[in-house]
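Chemist: The residues making up each chain are set out below.
There are 2 protein chains.
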Amino acid sequence: MPEVTFHGLDIGRVDPNDDLVERIVSTTGEEYALSDGDVIVITAKVVSFAEGRLIEADDVDVTERDRRVAEITGIDPREVAVIYEESDVLGAIPIAEVGEDLLLEHAVDPDVAQEALDDVPSMLVTERNGRLCTNAGVDWSNSPEGKMTLLPKDPDESARRLRGEIEARTGADVAVVLSDSEIAGPGSMDLAIGCSGIEAIDTNFGRADLYDQPKIGGVDLVADELTAGAALLFGQADERVPVVIVRGLEYEDGEGVPNSSGIVRRGLRKSIELTARLKAREWF
Amino acid sequence: MPEVTFHGLDIGRVDPNDDLVERIVSTTGEEYALSDGDVIVITAKVVSFAEGRLIEADDVDVTERDRRVAEITGIDPREVAVIYEESDVLGAIPIAEVGEDLLLEHAVDPDVAQEALDDVPSMLVTERNGRLCTNAGVDWSNSPEGKMTLLPKDPDESARRLRGEIEARTGADVAVVLSDSEIAGPGSMDLAIGCSGIEAIDTNFGRADLYDQPKIGGVDLVADELTAGAALLFGQADERVPVVIVRGLEYEDGEGVPNSSGIVRRGLRKSIELTARLKAREWF
Chain A
1 MPEVTFHGLD IGRVDPNDDL VERIVSTTGE EYALSDGDVI VITAKVVSFA
51 EGRLIEADDV DVTERDRRVA EITGIDPREV AVIYEESDVL GAIPIAEVGE
101 DLLLEHAVDP DVAQEALDDV PSMLVTERNG RLCTNAGVDW SNSPEGKMTL
151 LPKDPDESAR RLRGEIEART GADVAVVLSD SEIAGPGSMD LAIGCSGIEA
201 IDTNFGRADL YDQPKIGGVD LVADELTAGA ALLFGQADER VPVVIVRGLE
251 YEDGEGVPNS SGIVRRGLRK SIELTARLKA REWF
Chain X
1001 MPEVTFHGLD IGRVDPNDDL VERIVSTTGE EYALSDGDVI VITAKVVSFA
1051 EGRLIEADDV DVTERDRRVA EITGIDPREV AVIYEESDVL GAIPIAEVGE
1101 DLLLEHAVDP DVAQEALDDV PSMLVTERNG RLCTNAGVDW SNSPEGKMTL
1151 LPKDPDESAR RLRGEIEART GADVAVVLSD SEIAGPGSMD LAIGCSGIEA
1201 IDTNFGRADL YDQPKIGGVD LVADELTAGA ALLFGQADER VPVVIVRGLE
1251 YEDGEGVPNS SGIVRRGLRK SIELTARLKA REWF
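These protein sequence lines are chains A and X, in that order. The opening residue of the first sequence carries number 1 in the working numbering; numbering runs sequentially from there. The opening residue of the second sequence carries number 1001 in the working numbering; numbering runs sequentially from there.
Any given hint might turn out to be false.
Okay, derived cross-link-like pairs now, DSSO-like style, lysine-lysine, Cα gap no bigger than 27 Å in a straight line [what the hints assert, rightly or not]:
| hint | chain 1 | residue 1 | chain 2 | residue 2 |
| --- | --- | --- | --- | --- |
| 1 | X | 1279 | A | 270 |
| 2 | X | 1153 | A | 279 |
| 3 | A | 279 | X | 1270 |
| 4 | A | 270 | X | 1270 |
| 5 | A | 153 | X | 1279 |
Heads up, incomplete: computed chain X residues facing chain A, CB under 10 Å, no partners named [stated by the list, open to error]:
| hint | residue |
| --- | --- |
| 6 | 1002 |
| 7 | 1008 |
| 8 | 1009 |
| 9 | 1072 |
| 10 | 1073 |
| 11 | 1090 |
| 12 | 1097 |
| 13 | 1099 |
| 14 | 1125 |
| 15 | 1131 |
| 16 | 1132 |
| 17 | 1191 |
| 18 | 1230 |
| 19 | 1232 |
| 20 | 1246 |
| 21 | 1271 |
Source of the hints: derived by calculation from the structure; they are not laboratory data. All of these numbers come straight from a predicted model, not from anything done at the bench. Cβ coordinates follow ideal geometry from the N, Cα and C atoms, glycine included.
Required output: the full structure, derived from the provided sequences and hints.
Modeler: Here you go:
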């Protein structure tokens, strides 16, 4: 029977400009040697650290626009400036106002949670590298004091480079998926922001089902399923498991995550149009 | 180091009114005996079969409204009738128009895929059991000819019942999560529609991060991460692995998936308001 194992790696705290591949290879070498067909899911945060993608907040130039946006969103104006630099800003979500009840209900410490909500009452909806994400992935959390972490400049390219370095040092032909935590309905989940050596979307669309009928489903987001599963092991806060080795999965070769922001934006616009027609037809 | 194993179970094709728990227990008994702390992820489809939640399309009464909605969405009027019976209809997504290029690119057989797109050009956005989903989960695929499968009436209750029966027959204290395939961005992913014996959302919000700062993230959708990971093993079409045993996960006790449609709808409305204010502030 098919069996897939998710094995978390404690590679210790990664500090800016550490050699990430060396840390992964030495940790796996001792406890779980890499082999062909493994998928390595890595949180974008440690890849950013290793690539030196940190910015000193006090070095950021803030414009009048950044101040105006900061005022209505509650986001630090220096972060606003970086988000506009890193992405196209499409909109904003008032997280605290929408989800306060749910968030406080699921808080470890209500006071600390309230403090976090006061600190970050809203998030910007952004488009970066062809994907929709919040705050362009810019993050103060798990970052050294006074610094923000930016996403890798080109996450697919980072995945490709990491995959090449891992093969060069171990001989193992693996796939690499970079993940980042994103809002998904009533909470958050890790989704794929870059990959190499694996097809991000499977190819079952239109295959016959159990009863030999063509099936419309089956456009499985394999790379996102891998990051979501790996998130069961990632430490979201004070844990230190930013790397998960997935073993036993059959997958196809491929490069890059799909450029999805176009399809999502077009889907939203066309769905609003069809919904208006639907609602008119329901009663007239 | 943390390690979580996803083990797929081939329980054979489940036919209407089969004893699902007997099939699971006898299959696991031979190859992978259940033990305390296992999480059993089951596709809603086989739970619906076992509960006899199938409907003969020709027995459905179709109203004038159903015909009007069918006309603009391309959905079979009998399916429209069942969807309105099963849920509140909030809107519609013109899937074929939005995603045709992507879907045909990822098709196994372009002709069969085109046929599937012609058959189901749109989907209805519905609210059911406090969750948003498409077509109220009503599905012709993997169903006997001329029949539609409906979701379990109360998926949390089904999970609770299955969990109790499994414990009664094996003595193992497991958790049960029911999953269904849903649209997620540019493809589909399995999400949790019911659960028992596990907290669906984890409780890390506001915990201190690596640098002792409170963190706004960490509202992890654990149940959805489990179903997404299990989807790597589920056969979406002609495969027969509708059950996945997840072993090695530490989780908290809890009942039920969150009632998320309110928060998602409120989030959408409030995000549109804040986005309008944001766009006004960007330039004026």
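Chemist: Confirm or reject each hint.
Modeler: Each hint, compared with the structure:
1. At most 27 Å may separate the alpha-carbon atoms for a hinted pair to count; residue 1279(X) and residue 270(A) meet this at roughly 21 Å.
2. Of the supplied pair hints, the one linking residue 1153(X) and residue 279(A) holds, its CA atoms being roughly 26 Å apart against a limit of 27 Å.
3. As the CA atoms of residue 279(A) and residue 1270(X) are separated by approximately 21 Å, the hinted pair is consistent with the 27 Å bound.
4. For the hint pairing residue 270(A) with residue 1270(X), the CA-to-CA distance comes to about 21 Å; that is within 27 Å, so the pair holds.
5. A distance of roughly 26 Å separates the Cα atoms of residue 153(A) and residue 1279(X); the hinted pair therefore holds under the 27 Å criterion.
6. The criterion of a C-beta within 10 Å of any C-beta in chain A is met by residue 1002(X), whose closest approach is roughly 4 Å, and the hint holds.
7. Annotation: interface hint on residue 1008(X) holds; nearest CB of chain A at approximately 4 Å, less than 10 Å.
8. Annotation: interface hint on residue 1009(X) holds; nearest CB of chain A at approximately 6 Å, less than 10 Å.
9. Nearest Cβ of chain A to the Cβ of residue 1072(X): about 5 Å, under the 10 Å cut. The hint holds.
10. Interface hint at residue 1073(X): satisfied, since its Cβ lies 7 Å from the closest Cβ of chain A, which is below the 10 Å cut-off.
11. Checking residue 1090(X) against chain A by beta carbon gives a least distance of about 8 Å; that is within 10 Å, so the hint holds.
12. Because the smallest distance between the Cβ of residue 1097(X) and any Cβ of chain A comes to about 6 Å, under 10 Å, the interface hint for this residue holds.
13. This hint holds: residue 1099(X) has a C-beta 6 Å from the nearest C-beta of chain A, less than the 10 Å allowed.
14. This hint holds: residue 1125(X) has a C-beta 7 Å from the nearest C-beta of chain A, less than the 10 Å allowed.
15. This hint holds: residue 1131(X) has a C-beta 9 Å from the nearest C-beta of chain A, less than the 10 Å allowed.
16. Interface hint status for residue 1132(X): upheld, as the beta-carbon distance to the closest one in chain A is roughly 8 Å, under 10 Å.
17. Taking 10 Å as the C-beta contact cut-off toward chain A, the hint placing residue 1191(X) at the interface holds, the least distance being around 8 Å.
18. With 10 Å as the threshold, the beta carbon of residue 1230(X) comes within range of chain A, its nearest partner Cβ sitting at about 8 Å, so the hint holds.
19. Checking residue 1232(X) against chain A by beta carbon gives a least distance of about 5 Å; that is within 10 Å, so the hint holds.
20. Restraint check, residue 1246(X) versus chain A: the minimum CB separation of about 8 Å is within 10 Å; hint holds.
21. For residue 1271(X), the interface hint holds, the least distance from its beta-carbon to any beta-carbon of chain A being 5 Å, beneath 10 Å.
Checked against the numbered hints given earlier, this structure breaks none of them.
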